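**Q** The chain contents come next:
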Amino acid sequence: MISARNRELTALVPVAVLLTAGFAAVFAQEDTRLDNLSLIYGAYFLAVCVAAHIYLRIRLPNADPYLFPLVALLTAFGLVMIYRIDDSLARDQANWFVLGLVLFALTIQFLRDYEVLERYRYTIAATGLLLLLAPRLPGIGQQVNGAYLGVKVGPLAFQPAEFSKICIVVFLASYLREHREVLIVSARRVLGVTLPPLKHFGPMLVVWGASMFMLVFIRDLGSSLMFFAAFLALLYVATGRFSFVVIGMVMFTAGAWFFASTVPHVHDRIEIWLDPYANPTGSGYQILQSIFAQADGGLFGKGFGQGLITIPGTDNALLPAAQTDTIYSLIVNEVGLFGACAVVLIYMLIAARGFKIALLASDGFSKLLATGLTAVFAIQAFVIIGGVTRVIPLTGVTLPFISYGGSSIVANFVLLALLLLISDRARREAMEPGGRARSLGET
Amino acid sequence: MNRQIVKLFGFIVVLFAVLVGFTSYWAVFDAEALKEQEANKRPLLEQQQIRRGRILAADGTVIAKSVAKGQGDARRFVRRYPEGSLYGHPIGYSFVREGDSEFEQFHNDQLVGEESEFSSILDELRGGTQEGNDIVTSIDPVAQRTALEDLEAEGFGAVVAIEPSTGAVKVMASNKSFDPNRVPLELKQLNRNVIETPLLNRATQGLYPPGSTFKVVTAAAGLESDVIGPETTIDAPGTLEVEGQPLNNDFSEDFGPIALDTALTNSVNTWFGQLGQQLGNDELFETMEKFGFNSTPPIDLPDDQVYESGVYGEDGPLTARDPVDLARVAIGQERLLATPLQMAMVASAVANGGKLMKPQIWQRVVDPDGRVTDRLDPSEYSQPISAESAAELTTAMEGVVSEGTGTNAAISGVAVAGKTGTAETPSNRACGGGLDENQAWFIGFAPADDPRIAIAATVECTTAFGGDVAAPIFRNVAEAILNGE
Chain A
24 MISARNRELT ALVPVAVLLT AGFAAVFAQE DTRLDNLSLI YGAYFLAVCV AAHIYLRIRL
84 PNADPYLFPL VALLTAFGLV MIYRIDDSLA RDQANWFVLG LVLFALTIQF LRDYEVLERY
144 RYTIAATGLL LLLAPRLPGI GQQVNGAYLG VKVGPLAFQP AEFSKICIVV FLASYLREHR
204 EVLIVSARRV LGVTLPPLKH FGPMLVVWGA SMFMLVFIRD LGSSLMFFAA FLALLYVATG
264 RFSFVVIGMV MFTAGAWFFA STVPHVHDRI EIWLDPYANP TGSGYQILQS IFAQADGGLF
324 GKGFGQGLIT IPGTDNALLP AAQTDTIYSL IVNEVGLFGA CAVVLIYMLI AARGFKIALL
384 ASDGFSKLLA TGLTAVFAIQ AFVIIGGVTR VIPLTGVTLP FISYGGSSIV ANFVLLALLL
444 LISDRARREA MEPGGRARSL GET
Chain B
29 MNRQIVKLFG FIVVLFAVLV GFTSYWAVFD AEALKEQEAN KRPLLEQQQI RRGRILAADG
89 TVIAKSVAKG QGDARRFVRR YPEGSLYGHP IGYSFVREGD SEFEQFHNDQ LVGEESEFSS
149 ILDELRGGTQ EGNDIVTSID PVAQRTALED LEAEGFGAVV AIEPSTGAVK VMASNKSFDP
209 NRVPLELKQL NRNVIETPLL NRATQGLYPP GSTFKVVTAA AGLESDVIGP ETTIDAPGTL
269 EVEGQPLNND FSEDFGPIAL DTALTNSVNT WFGQLGQQLG NDELFETMEK FGFNSTPPID
329 LPDDQVYESG VYGEDGPLTA RDPVDLARVA IGQERLLATP LQMAMVASAV ANGGKLMKPQ
389 IWQRVVDPDG RVTDRLDPSE YSQPISAESA AELTTAMEGV VSEGTGTNAA ISGVAVAGKT
449 GTAETPSNRA CGGGLDENQA WFIGFAPADD PRIAIAATVE CTTAFGGDVA APIFRNVAEA
509 ILNGE
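Quick mapping for you: the protein sequence lines, in order, are chains A and B. Using this note's numbering, read the first sequence as starting at 24 and increasing by one per residue. Using this note's numbering, read the second sequence as starting at 29 and increasing by one per residue.
Simulated from the structure, these hints should not be mistaken for lab results. Predicted model only: the values in this text are computed from it and were never measured. The reader is advised that the hints may include incorrect statements.
As the list claims (entries may be wrong) - A partial selection of chain B residues facing chain A, derived with a Cβ cut-off under 10 Å:
1. Met29
2. Gln32
3. Phe37
4. Leu43
5. Leu47
6. Val56
7. Asp58
8. Ala61
9. Asn68
10. Lys69
11. Gln77
12. Arg104
13. Pro500
Stated by the list, open to error - Once the Cα atoms are required to be at most 20 Å apart in a straight line, the calculated EDC-like pairs of lysine to aspartate or glutamate come out as:
14. B:Lys69 with A:Asp298
15. B:Lys97 with A:Glu452
16. B:Lys93 with B:Glu126
17. B:Lys63 with A:Asp298
18. B:Lys386 with B:Glu408
Claimed, not checked - Taking CB as the label site, the calculated pair distances span:
19. A:Gly232 with B:Asn219: 56 to 64 Å
20. B:Glu224 with A:Thr337: 34 to 42 Å
21. A:Thr276 with B:Gln217: 36 to 44 Å
Heads up, the beta-carbon is just placed ideally off N, CA and C, and yes, glycines get one too.
Bound-form chain A, shown alone:
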């Protein structure tokens, strides 16, 4: 039987080959320097991935073998797409990828006993909230397109929401692990609806408040939606009460509706979503161009490097924010419906592996943490892809591991590190003699 790490190594090779082929395609399109540069890039990428792999081999020999190659695949795909938009952006992204792997390694190094997180859960929660608040702080906050998403301290600029999501999930997992019994047992039925006990409801209200706070002060509809959805997912998994989810949704909808009618930025986002044709050259431009780009892709796409991003002869954007928000539209445009479905499928496979880890984990905190991290990751992908395909209002969330952006890459590698830590322990326990390997299957 092939060991988990060997399977991981085997899976990394095709990823590097794909990256090489992708760069070759982009170079062929630019037809200026069809040399072995794509091979060099492919080799670099493979070397970095193998280094990370060797580290995993030493530190987490039993961790899930598919997650890292899947993430590497998304990163490789993202690098090719970003290179095709602007090669200097791709250089940044490659550096962030390396930085992400360093933080990935550090997380694994120092959080081997990740239960320690439980002890600091309120500190972590406070950090998470502070991070969310940071963009509104004078001096370091930055406003982007009417939303407060960025922080700039000296030369270092980052989007705190990306890191905040991990803090919030850690806190929720820990809090719910402790209080889930009480939440289930002391729930009361009022008018046929099962309500959670008021005493333990406080922290739930805090999360709801944080989401509403994001809507109003950060004006970040996407992150708000993402956080709250992850919260509801965890609440449901922890308590098994669907009614809690319904109550949460009602609260969120009511709050969102109230603020949508009072906060102009949020209101505009929803109006644009409902009728983008009302102002096709102004506020509706981005979503319409996003959809037009997809219409142009068809089944097989136009090919790497063939799509139009700016209006030829000018610097005016034909697909605004192609390297971040609308990168999925560019993917549909250039590699077609099939290519885009492959990307969605990769996210789904990552979600499947993540939930598998949660199923295998033996203690409540591990289960909830794995669930929460996986859910917040999957929902982030849904929020931005749903945004550019007009399933939900378009908001500025990154497409994990593909979009250009250092915070996103680094934060998501930390998220991946936590998942692999949980996985390593769960699988080690499951494989021990008398463990649960037989009842739960091998992988």
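Using the hints, position chain B against chain A.
**A** Quick look at chain B alone, frame taken from chain A:
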């Protein structure tokens, strides 16, 4: 908790399925509609980056070509029309902002080199860029110029010349024409000009009363239905009372009992009026429809720029079931309206032994490497009359040119068959509302014994007769084509 985790995963799968569904909708199912959206400049911008193929006349004269502007990524192509207004119709124009029309619009896919999804993937693998194909038309530049210059000398109108055996369109001229090069600057002014209507292709969109040229159709219906033979006589008095109104011959001349050739040569209204009544709605409409009336002519121009000919009621062309004044329809009056293209099709069908070929402007598609990738395969549209009836009709139409109303169409040394028409169009707003305005027509073909060209020529707003103003245009254009071969 495991049960909930599995359910949660199921929910995530559903969410992702929704994403795939929406992506499929935009990228595939709704893609065509999105490409048509006004706000979507993508298709135009992409086409601008492709070197659109040239459009050539039959002898290789360049009618339309694309020239590169800018360098590198900013390079784009702009359309140029070296011959100016000569081919404004039927070629039309193609520009990114102003859109496209006529031949440029109809043949867009070939001109930009649009191929199936699979072959474009092959192209991509080969690293090639999309290039447009050239299209060679059947238009004869000398005859086209003759037609347009003659029209410009006489007034608004149109000339259509078709090769009867193939349907190849050799001339399609419409006056007032326009210079496609000026469309980016003047499209608004061109559209606003409702008197000269330079953007209207009168050859396919000009609906005119066909007058006596329609007697060819009436005669064809008579011969084909055996209501008459070539020798059958009908008494033709100077005046006939129809629907309470007198139907007169010119100068109310009483011809007595005469057969088809005399009736056609002298364009005797009372003779054809009675023939129409004897035919009845069904016979006359059946023949009309076989000649192409009541349908959009099958030419390679956009459907919305080619009008149906027929008896126009309030809601468009009437059919055999509708009550019409048959005697007046039979002589090309009543509410009958026909395009010059339609009347050229009538002449072409008679010339081709009764077989109507589909009129087509394109001849072949040539790819950027010079290979002919597609060639027009002439096809039959219908057979309105038998070869025998066509021969009998040809004899009668020869009489028109040799001794009747159409002597101005005669070409020395070549037998010509034809028919004149002069429809009175008093108080026509387009003509300035004068009371003596006519629509002058001539349709015919030559040589009569071996027809190589069939032509319809018409002039609006003239005080002259068809034989005086339209027949000479026919002659000049026919000579240009016959001499050129």
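**Q** For every hint, state whether the structure bears it out.
**A** Status of each hint after checking the structure:
1. Met29: Hint holds; methionine 29 (chain B) Cβ to chain A Cβ min 5 Å, cut 10 Å.
2. Gln32: holds (4 Å)
3. Phe37: holds (4 Å)
4. Leu43: holds (5 Å)
5. Leu47: holds (5 Å)
6. Val56: holds (6 Å)
7. Asp58: OK, holds: aspartate 58 (chain B) within 10 Å of chain A, min 7 Å.
8. Ala61: holds (8 Å)
9. Asn68: Interface hint status for asparagine 68 (chain B): holds (4 Å vs cutoff 10 Å).
10. Lys69: holds (8 Å)
11. Gln77: Holds, about 6 Å.
12. Arg104: holds (6 Å)
13. Pro500: At 51 Å from the nearest chain A Cβ, proline 500 (chain B) fails the 10 Å test, so the hint is violated.
14. B:Lys69 with A:Asp298: Given pair lysine 69 (chain B), aspartate 298 (chain A) holds - Cα atoms ~19 Å apart, limit 20 Å.
15. B:Lys97 with A:Glu452: violated (69 Å)
16. B:Lys93 with B:Glu126: holds (17 Å)
17. B:Lys63 with A:Asp298: holds (18 Å)
18. B:Lys386 with B:Glu408: Measuring from Cα to Cα gives roughly 6 Å; hence the hint holds.
19. A:Gly232 with B:Asn219: 56 to 64 Å: holds (60 Å)
20. B:Glu224 with A:Thr337: 34 to 42 Å: The hint (34 to 42 Å, Cβ to Cβ) holds, given that glutamate 224 (chain B) and threonine 337 (chain A) are roughly 37 Å apart.
21. A:Thr276 with B:Gln217: 36 to 44 Å: violated (55 Å)
Against the hints set out earlier in the document, violations occur for numbers 13, 15 and 21.
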